[in-house]
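Novice: Put the complex together from the two separate chains, hints included.
Each chain, letter by letter, is given below.
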Amino acid sequence: MIRYTTARALQALVVILIVTLVVFVLQHLLPGNEARAVLGVRATPGEINAFERANGLNRPIPIQYLDYLSRLVHGNLGFSYKLNESVVTVLRDDIPNDLVLVVPAILISLLIAVPVGMYQALHRNRAFDYAATGTAFVLYSMPSFWTGLLLVGWFAIDLRWLPPEAPQNSSGIGMLAHPAGLVLPVATLVLVYIAFFSRYMRSSVIDTLAQDYIRTARAKGMSERSVALHHIFHNSFLSIVTLLGLSLPAIFTVGLIAEQIFNLQGIGLAFYTAVGNKDYPVELGVVLVIGVATVIGNMLADIGYAVLDPRVRYD
Amino acid sequence: MTDVLAGSSLGESVPRPLLPGDGGLGDKQRGQSSLRLLLRTFAENKLALIGVALVVTIAGFCFLGPLFYHGDSLATRLMDYNLPPGAGMPLGTDDSGRDVLLRLMLGGQSSLEIGISVALLATSFGAVWGALAGFFGGLPDAVMMRFVDAMLAIPALFLFLFLASVVQPNLWLIIVVLSVFSWLAPARLARGEVLSLRTREYVDAVRSMGGKRSRIILRHLLPNVMGTIVVNATFQVADAIIVLALLSYLGFGLAPPAPTWGGMLSSGVIYFYDGYWWEIYPAGVLIVLTVVAFNFIGDALRDASEVRLQRR
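Which chain is which? The protein sequence lines are A and B, in order. All the letters of the first sequence, read from the start, carry residue numbers 27 to 341 under the working numbering. All the letters of the second sequence, read from the start, carry residue numbers 78 to 389 under the working numbering.
Any given hint could be a false lead.
What the simulated footprint calls covered on chain A by chain B, stretch by stretch (three residues with Cβ under 8 Å from a Cβ of chain B suffice, anywhere in the stretch; the number is not a length) [to be verified]:
id	stretch
1	48–55
2	76–83
3	112–125
4	164–178
Not the full set, but computed from the structure, chain B residues with beta-carbon under 7 Å of chain A [claimed, not checked]:
id	residue
5	Phe349
6	Val365
7	Val368
From chain A, some residues computed to sit far from chain B (all C-beta separations above 10 Å) [as the list claims (entries may be wrong)]:
id	residue
8	Pro71
9	Ile87
10	Arg97
11	Leu136
12	Phe154
13	Ala243
14	Met248
15	Glu250
16	Pro275
Calculated directly from the structure, the hints in this document are not laboratory data. Just so it is clear, CB atoms sit at the ideal spot from N, CA and C, and this is done for glycine as well.
So that you can see chain B by itself, here it is in the shape it has in the complex (with noise of 0.2 Å):
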């Protein structure tokens, strides 16, 4: 459930009751990244390959194959509609004539676009954010921790369907409301780990030495911070591309004729009765198996890195 479980992705770890104060992955202390080490048991797991062959797949086919396979998506032709697959459409059409597999592939671009801007843009925001809080503690860290509980607390999707019952979503806006509600999580994660960091040797080397308060939390604290937001962020990816089809079937996702494959998959699956298969499951296979992929990389990545720092 996703993300729509926005922020509570299948594998993340099992959270403890929340203490006040609490440090999240405090007890969890990081040293020097090894890189290597990280890709090869990340190489070593099955899954982890099979996500990766899937993205990559999945990618070459959204932006690569309109290359190969020509049409144009959004010509409409209305003696056409609802064809089944045949020659010259491998997919057949849609209820306005349209093609299908190519509708797929664009469909896919900004289903990856949205996807992995939104993780991008939040999870960094949130690793700022978090960090902040964590670096300064006290009260700041009280009131910003505070506002984080307080947007948690509020479903993204009902916040989402409010704005746009104001203003018409666009691409962009898509992308910002998105992260808005999906920085929390790295939001947390970052204030975790940076509040058992700051209190480590190195920061009191780089204070003793005159280092200023933006230096320590931008080149070391960050860096330090990274695998976990980068763990994160893979579930994101994810995460934004289930919310953002849901957001098309409630008619609030991209404007058409825009392709989405959420969008294709609502307007298609009225045709059940019909038996029009071609318009019901490619478009939700492509969702769950992209989605499926980031979740098998985040996983991997993640334990990944838990092994990372039982070797260390």
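Here chain A stands alone, though its shape is the one from the complex (with noise of 0.2 Å):
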């Protein structure tokens, strides 16, 4: 097990230095230079040399990279000129309006799409199992923007149910005491993640299905309520664990979508900010957490994995 564990803990490090790798190339390939953009059209050429010279951007490309890592390394993710705020700042404020939207939005669907998937695997080509099967295809393939504002239509605009953005005049936990304003942006997530998980899980189960040890519980006379719990649920969930972690991109997707629709400030709609600013800064350092949260994410994920399916492990 402490091999596996560091094994894989090595080959997450050797990623996370691939993504910085990639968030420096991008840095790089940016028209013009960063003294020009930051100082302007009129700086002077020797103003240039000294932003350059204080910034270290006239070193070898290498030992920038270098520099660069040892910033990351010390927390500092570079300095957003357009905001004149650090791209740390910016997301330290951002990042807990994103979990009060997208936690709850993970757990209600699980606890939708778990049994929907399982009871849909059970019982194969019933009726439920084809509805199910099209709604999920349905929602899915439903653009994320068209869910969220035909839902803003109906119960904001029609219905006048629901106020139709996430509360104003609060942040991060704050938000809680405004449920009302939670509500249509939770459900778009949720609406788009239970497509995923629900088609996910009935998969698993029907794997979980073929395999020797459910014959054999079967056949020790164990009753199909206590196979389905003790085994294919336990099993199939595990499974559900591993997506998690994997599907972390596909989730800021979604959350960036749903918090430009419903104006919530997570780290989504402070990139789609400065994407229009040409923020470049808080951009990449967008980029660089969420690629670094998805290894993470990957790398428990599959130590999780481990540690509950003894099967797994490498050695």
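Specialist: Here is the structure:
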């Protein structure tokens, strides 16, 4: 187990280094030079020179990469000259809002999708299976912005049941004090995630059903109920855990859309605003943070899976 | 979730946790392709036939429709904005007085063209990348696949928006950039297959007859990986169409006035309050139908290729 964990952690470290390299390369693909972008078109060559020397931009590229890495290790993700604050500050303010949006959405969609997917797999090719499959396909195929805007149209404009935007006068945990405003953003995410998780749960349960230990459990006279609960649910749920790690980029992507629709100030919206402002440090900072979070998420999912299921350990 | 859940199409089989040096589908072995069996199994699948029928209908609507239904989609008639469906305009006009039905046809052309180009480019590049990694193994494999892991960790939409903030996207740029972020899944699939194929007897046979590496990869390994790759390409078309719609919504799709389904949808939904349903639903329904159709076909192809494996 220790060997597996170490190997997996080393692998994650390598992938994180490559992510930083990709982001560093993107930084250097930017048109014009950074000094010019910050100081403006009227800056004199002398001022540009001074800026470049002060920020190490005149050093060889490999050294600049090492500088960049050392800044990252010290928690410095760069500085947004557009917002006049550090990228870390921007992210620190926005990430709690993401958590308030995404965590309930994931929990609710798992609560719905896991039983639905399992029931579908256990009663395959019956009416409910077809109906759920059809619904999942349609939800999956709807562009998420359309889903969100239709919800706004139906429930905020036509029926006037719910506010059309996320709570605007508070952020982070404070938003929970105004749950009505969170219903539509969370519902948008839930509709998209359910499609994904229920399909996945269904195919995972079908895979599990074909295993020998299920036959054994039935052969020794276990009731269908406890087979389903103890063997099938347990094993299929494990693979959903892994899926969560793998789907972080997708979760952030749908998050960006929902934040944009409901004006919820998370890192997705920060990123989108930065794109409009050509605020490259914030854009690259967000990309880096999501990339690293995904790599770590995958690693934790794999290690967690290995703890829970000894068969997958590498040695 | 699309592809957005890029690379994680709905029907993708259950991935096992990633192990160092894991071959992915390594335990699946593949023999001679028996195309006929695959096609027969495919044809027995009702959803597959629905999918094919939908794709044919939609493609016909988009590419043949404009031959029968005339009009100038780019002409703005500011006096005729937001007209409800009526004589001469079965789906009314949009907020610039342009014919919605004709724009749906033309927008579908670009969606399908981009989706299919991306699938072809991405899967061929990914297949070759994965095949090379799997074939050489060792350090090259490790380096190539960790690079794939790193790219998979970065959400494609974010990178695309970043690039869009640097350069103005056009048709070719969109195809290339979408492909750049779509070749990762096929690369992993191809590598897994090649890892198991490269130790097979026929590869040893080619090698012992003095066949070059390039010949082994191109003539023997890649054709055997095709099944998996074709299935994945189908899902790629669907994913690309959704990502394209998201980009249009966020304002970074094809530049206006080029019609795209995503663009029409996002400019139409703001009229929800006014009840202009013809600007809100038709484009969305077409996107959903197209994406569902390609997913049906992909699912059925995969099932069919698994049946083929079982009967082998």
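Novice: Compare the structure with each hint and give your call.
Specialist: Hint-by-hint comparison with the structure:
{"no.": "1", "hint": "48–55", "result": "holds (count 3)"}
{"no.": "2", "hint": "76–83", "result": "violated (count 0)"}
{"no.": "3", "hint": "112–125", "result": "violated (count 0)"}
{"no.": "4", "hint": "164–178", "result": "holds (count 11)"}
{"no.": "5", "hint": "Phe349", "result": "holds, 4 Å"}
{"no.": "6", "hint": "Val365", "result": "holds, 5 Å"}
{"no.": "7", "hint": "Val368", "result": "holds, 4 Å"}
{"no.": "8", "hint": "Pro71", "result": "holds, 24 Å"}
{"no.": "9", "hint": "Ile87", "result": "holds, 19 Å"}
{"no.": "10", "hint": "Arg97", "result": "holds, 19 Å"}
{"no.": "11", "hint": "Leu136", "result": "holds, 14 Å"}
{"no.": "12", "hint": "Phe154", "result": "holds, 16 Å"}
{"no.": "13", "hint": "Ala243", "result": "holds, 20 Å"}
{"no.": "14", "hint": "Met248", "result": "holds, 23 Å"}
{"no.": "15", "hint": "Glu250", "result": "holds, 22 Å"}
{"no.": "16", "hint": "Pro275", "result": "violated, 4 Å"}
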